[in-house]
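One letter stands for each residue in the lines below.
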Amino acid sequence: MLPNRSRLSVLIFLVPPLLLYAVAVLLPILQSLFLSFFQWDGVTDMQFVGLGNYVYMLTGDTVFWTAFLNTLGYLVICLILQLGGALLVASLLTMLRRGRELVKTLYLLPAVISTVAIAFLFQRIYSLEPAGLLNRALELIGLGGLQTAWLSDVSSVLAAVSVPEGWRFTGLYMLIIYAALLAVPQELEEAAKLDGASWWQTFWRIKFPHIRPVWITTTIIATTYALRGFDIPYLLTNGGPGQASELLTTYMYKTAFTSTDYGYASTIAVFVVIECLVAVGLILLLLRRKADA
Amino acid sequence: MTTITAPRRSASRLSPPPPRQHRRLNVQRTLTSVVVALIVVVQVYPLAWLFLTSVRTEQDFANGDPFGLPTGFTLENYSRAFSTGNLALNVLNSFIVTSGAIVLIVVLGMMAAYALQVLGFRGSKFVRGLFLIGIVVPVQIALVPLFIDYAAVNLLDTYQSIIIPLAGFSLPMSIFLFSSFYEYIPRETYEAASLDGAGPYRIFAQITFPLSLNTIVTVVMVNSIFIWNDFIFANTFVLSDGLKTIPLGLQNYIGAMGKVDWTATFAAVCVSITPLLLAFLVLNKAMIYGLSSGGSKG
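For the record, the sequence lines run as chains A and B. Numbered continuously in the working numbering, the first sequence closes out at residue 293. Numbered continuously in the working numbering, the second sequence closes out at residue 298.
Keep in mind the hints are simulated off the structure, nothing from the lab. Among the hints, erroneous ones may be present.
Unchecked claim - Chain A regions said to be covered by chain B (calculated; three or more residues, Cβ under 8 Å): (1) 29-35; (2) 125-135; (3) 250-264; (4) 271-278.
As the list claims (entries may be wrong) - Distance condition first, Cα-Cα at most 20 Å in a straight line; then the derived SDA-like pairs of lysine to any residue: (5) K125(B) to L96(A); (6) K207(A) to V184(A); (7) K125(B) to R205(A); (8) K207(A) to P241(A); (9) K254(A) to Y54(A); (10) K254(A) to K125(B); (11) K125(B) to L20(A); (12) K254(A) to P241(A); (13) K254(A) to S6(A); (14) K125(B) to I135(B); (15) K254(A) to L69(A); (16) K125(B) to L26(A); (17) K125(B) to L14(A); (18) K207(A) to S91(A); (19) K193(A) to Q28(B); (20) K193(A) to I206(A); (21) K125(B) to I12(A); (22) K193(A) to R29(B); (23) K254(A) to R29(B); (24) K254(A) to Q251(B); (25) K125(B) to L8(A); (26) K207(A) to T219(A); (27) K254(A) to A151(B); (28) K207(A) to L96(A); (29) K254(A) to W65(A); (30) K207(A) to T94(A); (31) K125(B) to S6(A); (32) K193(A) to N26(B); (33) K193(A) to F208(A).
As the list claims (entries may be wrong) - Simulated DEER-style distance windows between Cβ atoms: (34) R212(A) to S83(B): 49 to 59 Å; (35) Y201(B) to W65(A): 48 to 58 Å; (36) G196(A) to V27(B): 16 to 26 Å; (37) R100(A) to D157(B): 45 to 55 Å; (38) R212(A) to L130(B): 20 to 30 Å; (39) R122(B) to R212(A): 33 to 43 Å; (40) G196(A) to L277(B): 28 to 38 Å.
Please read all numbers here as calculations on a predicted model, not as lab measurements. Every residue gets a Cβ at the ideal spot worked out from N, C-alpha and C, and that includes glycine.
All chains should be modelled from the sequences, with the hints used to inform the complete structure.
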């Protein structure tokens with residue numbers, strides 16, 4: 001604490017940021033909570049329905065449950081691509097002698113591109129007629145039988161909209177994990193090698209425990225970002241065909257701005273927030289406990 | 001990070017491993033390089049393809065093999081991209097929105113971090129906790145309430161309507177980046193300045209702010225990516241063509257031309273990513289540093 005500070009000076013520095021934050025973030029959260037107990041289309045009078053929206057959402061709305069399961073699938077694919085890919089490339093990178101900077105830059109490149117551009121790109125990559133990159137690549141390696149219209153096939157569409165999101169940010173997580181791996185003391189690794197530990201043992205017993213705190217942070221960031229994923233599914237398929245790629249976020253968006261059911265949309269939004277908080281809690285619980293064991 | 005690792009790397013170069021291990025290590029290294037190169041090619045290929053498509057002729061794109069090199073080079077797609085859409089206007093709008101939000105994020109972020117970390121006050125833990133909420137909570141929660149609020153105060157369809165939530169949701173990360181940097185400014189610096197009679201405002205202007213320049217670059221770069229590319233807020237709050245930012249403008253390409261003119265669309269995409277790409281390539285050291293340190297501290 002500065003010795004010469006006055007109460008006024010604290011307020012002068014603190015109030016403007018807090019004001020913006022309150023208007024943009026805190027107030028809307030409270031408003032959403034409030035709206036979730038009402039039925040309202042924005043025009044007629046608001047109607048208090050108590051827990052009605054929540055009861056309908058959890059017991060009566062099959063689209064909600066489809067969207068929820070799709071969101072979990074989307075999450076799993078994103079996490080595998082982002083965290084798995086990031087860990088793999090980061091550990092390979094530590095073994096490289098030259099070109100580390102170049103690989104880092106190239107690998108991060110997709111993160112710079114807007115989701116709209118990515119949606120255009122993948123629309124062409126997945127296309128069947130004319131054959132896009134993916135279908136053409138399958139043909140070239142002799143798997144032409146697997147060709148399909150990835151975005152209109154009900155069984156592949158969820159994976160098809162998840163992959164671009166995973167692809168986009170894996171570079172970001174790779175950088176974070178790479179920085180953590182570099183900070184593992186070399187002596188520990190060398191000692192383990194002298195004791196005859198295999199590469200896998202060195203990695204799992206020495207390196208991974210060392211980067212565990214960073215790993216936890218990264219998992220939390222990746223999970224909360226995947227749970228709020230919206231742009232790419234919305235732009236590529238708008239949840240279709242049917243509800244095959246509907247996520248909670250796209251469902252909420254359509255409920256709010258297509259069906260103008262503000263009350264129920266807020267209920268879904270509140271659920272998405274709770275889902276994020278539960279996910280963060282679970283990650284902390286699971287990964288921390290393993291550290292103690 | 002670099003200060004710790006640099007000496008170690010040069011140390012291992014000075015003492016080569018024993019010869020028997022050497023050969024095995026070499027094979028392993030080559031293999032690693034090949035695998036990394038393959039992964040990078042897969043990662044970057046879609047982008048290269050995007051660029052190649054934007055300079056193909058239309059017929060070449062329609063009949064051609066997507067893996068083939070273009071048969072000719074043409075810039076016609078670019079002129080078509082500019083003449084059909086509002087590309088220049090969209091880029092301008094993106095600049096206005098991005099700089100508006102960035103100024104707010106940097107200035108307010110520094111102010112809050114200064115109050116929390118340097119001035120200090122009772123209840124600062126609570127305020128920190130409040131800001132933490134903004135990192136975990138998904139932005140979608142704010143869409144409906146903000147839409148209603150904007151409609152009530154006539155802010156729908158303005159630059160401010162996008163700038164406010166973009167700045168608000170990015171503010172917490174900026175505050176934490178500045179705070180964690182301010183932790184490293186030694187107490188004595190402030191005490192000395194205080195003894196010389198400097199008050200909190202002069203200390204902020206003459207000590208804290210000039211020292212923050214590196215962190216400012218990091219905050220600007222990291223947030224520019226997300227704000228320049230924002231789709232969800234712009235798509236929800238902006239309705240008129242005159243205010244559309246780049247992501248919305250791109251989306252219009254499909255509607256505007258009925259049958260999609262892919263080569264022109266891809267040319268427009270290339271134009272839209274150029275400013276960020278240039279900034280990224282020029283400043284990528286600062287950005288990479290910011291992203292990795294921000295993540296490991298956040």
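| message | Of all the hints numbered above, which does this structure not satisfy? Sort the numbers upward. | response | 5, 7, 8, 10, 13, 23, 40
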